[in-house]
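*Asks:* Listed below are the residues making up each chain.
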Amino acid sequence: MITQMQVKGLMFDPYNNVYIVILRDDDQAEMLPIWVGKSEASSISLALENVAPPRPMTHDFMKSYLDAFQAKVISVVITDLNENTYFSKIHLTYADSEYTVDSRPSDAIALALRSQAPIFASESVIRKQTSEELDQWLENLKPEDFGKLDS
Amino acid sequence: METRSSQATEPLIQLVVNRVVEDSNTDTRIIVLARTDDAAEHFMVWVGASEGEAIKRALDAAITPRPMSHDLVKSFGDHLGIKTERVVLTDVKSSTYYASVFLENKGVARTIDARPSDAIALALRCQAPIYVTQDVWRRRSGQNLDAWLSKLETKEV
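Protein chains in written order, with our numbering: chain A, 26 to 176; chain B, 68 to 224.
These are calculated hints, taken from the structure and not from any lab test.
Just so you know, even glycine gets a beta-carbon here, dropped at the ideal spot from N, CA and C.
Treat the hints loosely; a few may be bogus.
Stated by the list, open to error - Straight-line alpha carbon distances no greater than 30 Å define the calculated DSSO-like cross-link-like pairs of lysine-lysine that follow: (1) B:Lys173 with A:Lys114; (2) B:Lys150 with A:Lys114; (3) B:Lys141 with A:Lys114; (4) A:Lys114 with B:Lys123; (5) A:Lys97 with B:Lys141; (6) B:Lys123 with A:Lys63; (7) B:Lys160 with A:Lys63; (8) A:Lys33 with B:Lys123.
As the list claims (entries may be wrong) - Negatives, chain A to chain B, calculated, CB over 10 Å: (9) Val32; (10) Ser64; (11) Glu65; (12) Met82; (13) Phe94; (14) Ala96; (15) Ser100; (16) Thr104; (17) Asp127; (18) Ser147.
Using the sequences and the accompanying hints, generate a full structural model.
*Replies:* Here is the structure:
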């Protein structure tokens, strides 16, 4: 069972000096925070804000690489979150065949946003988040944080 | 277009990545490349910290618990049968270098625009050769960079 998620925004976690990508389902019932590095957060932010940088960033390059051979990102699925090791799958079609490629969620999300591909999360991943943690993040979430990223 | 035609007639210069130097003052990295036909002749490219680290990991053959961005690009290639043939540093404008990545799959050749950092990070992972055009080589940054670089490295030690 998988649930479609939307990228709601990015938060900075000053205690751990990392960024958190906030995914929510369409009913706003489930939330999935994903910790990402600064450069990954910056790449996701550029895609969210629809900013075209003067030179292709790494995920723009990644998309050009796939576009060059008409390989298409169909969907990405966040499959597992274990401690600091996160897992996701990128589903591609190329020359009438389907491929599934293992990736970090940060790369998968950055690529999905550039490819207009849907993002899904497996049920087990969503369930692993405790409700107290969710409440705390929700409290800290301000609308002005959405889609914005300092520096 | 004139430069392009002259580039086509002049042989490319092959480079190898020599090392990645940290410029702690600006939180950037300097990618030091050397000519394969004259290791004493260097070519330097300034890149961001994370881009520099991506190149350093490839240089050190470092294993990460999860695939990093350029490992993912390589993985796409491995799955789809796309081969990275070579990368070429093709142009420099206002101190910004431009690169092209030459790809091939089942006889179909494609060239994509890239920043040198992405091109080099992918080339190292795919054992693809790295070249610079004669034109870009001639227009590379100042000749006293080697001295400046050794000073920077001495300071770090």
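*Asks:* So, for every hint listed, does it hold in this structure?
*Replies:* Status of each hint after checking the structure:
Proposed proximity of Lys173 of chain B and Lys114 of chain A is supported: the alpha carbons are some 26 Å apart, at most 30 Å. Of the pairs offered as hints, the one joining Lys150 of chain B and Lys114 of chain A holds, with about 22 Å between alpha carbons and a cut-off of 30 Å not exceeded. Restraint check for Lys141 of chain B and Lys114 of chain A: the C-alpha separation of about 15 Å stays at or below 30 Å, so the hint holds. For a cut-off of 30 Å, the pair hint linking Lys114 of chain A to Lys123 of chain B stands: about 26 Å separates their Cα positions.
Annotation: proposed proximity of Lys97 of chain A to Lys141 of chain B holds, straight-line Cα distance about 16 Å (limit 30 Å). Proposed proximity of Lys123 of chain B and Lys63 of chain A is supported: the alpha carbons are some 18 Å apart, at most 30 Å. At most 30 Å may separate the alpha-carbon atoms for a hinted pair to count; Lys160 of chain B and Lys63 of chain A meet this at roughly 27 Å. Taking the CA atoms of Lys33 of chain A and Lys123 of chain B, the gap is near 33 Å; set against the 30 Å cutoff, the hint is violated.
Distance check for Val32 of chain A against chain B: the nearest CB is about 18 Å away, which clears 10 Å, and the non-interface claim stands. Interface exclusion of Ser64 of chain A from chain B breaks down, the closest Cβ pair being 4 Å apart, not more than 10 Å. Under the 10 Å C-beta cut-off, the non-interface status given to Glu65 of chain A relative to chain B is violated; the minimum distance is some 8 Å. Under the 10 Å C-beta cut-off, the non-interface status given to Met82 of chain A relative to chain B is violated; the minimum distance is some 8 Å.
With 10 Å as the threshold on Cβ separation, the claim that Phe94 of chain A sits away from chain B is violated: the shortest Cβ distance comes to roughly 6 Å. At roughly 6 Å from the closest C-beta of chain B, the C-beta of Ala96 of chain A falls inside 10 Å, breaking its exclusion from the interface. Ser100 of chain A, annotated as away from the interface, keeps every beta carbon of chain B farther than 10 Å; the closest lies near 15 Å. The non-interface label for Thr104 of chain A is consistent with chain B: the shortest C-beta to C-beta separation is roughly 12 Å, beyond 10 Å.
Taking the minimum C-beta to C-beta distance to chain B, about 6 Å, the non-interface status of Asp127 of chain A is violated against the 10 Å cut. Distance check on Ser147 of chain A: its Cβ is at least 17 Å (rounded) from any Cβ of chain B, clearing the 10 Å threshold; non-interface status holds.
Figure legend: structure checked against the earlier numbered hints; hints not met, in rising order: 8, 10, 11, 12, 13, 14, 17.
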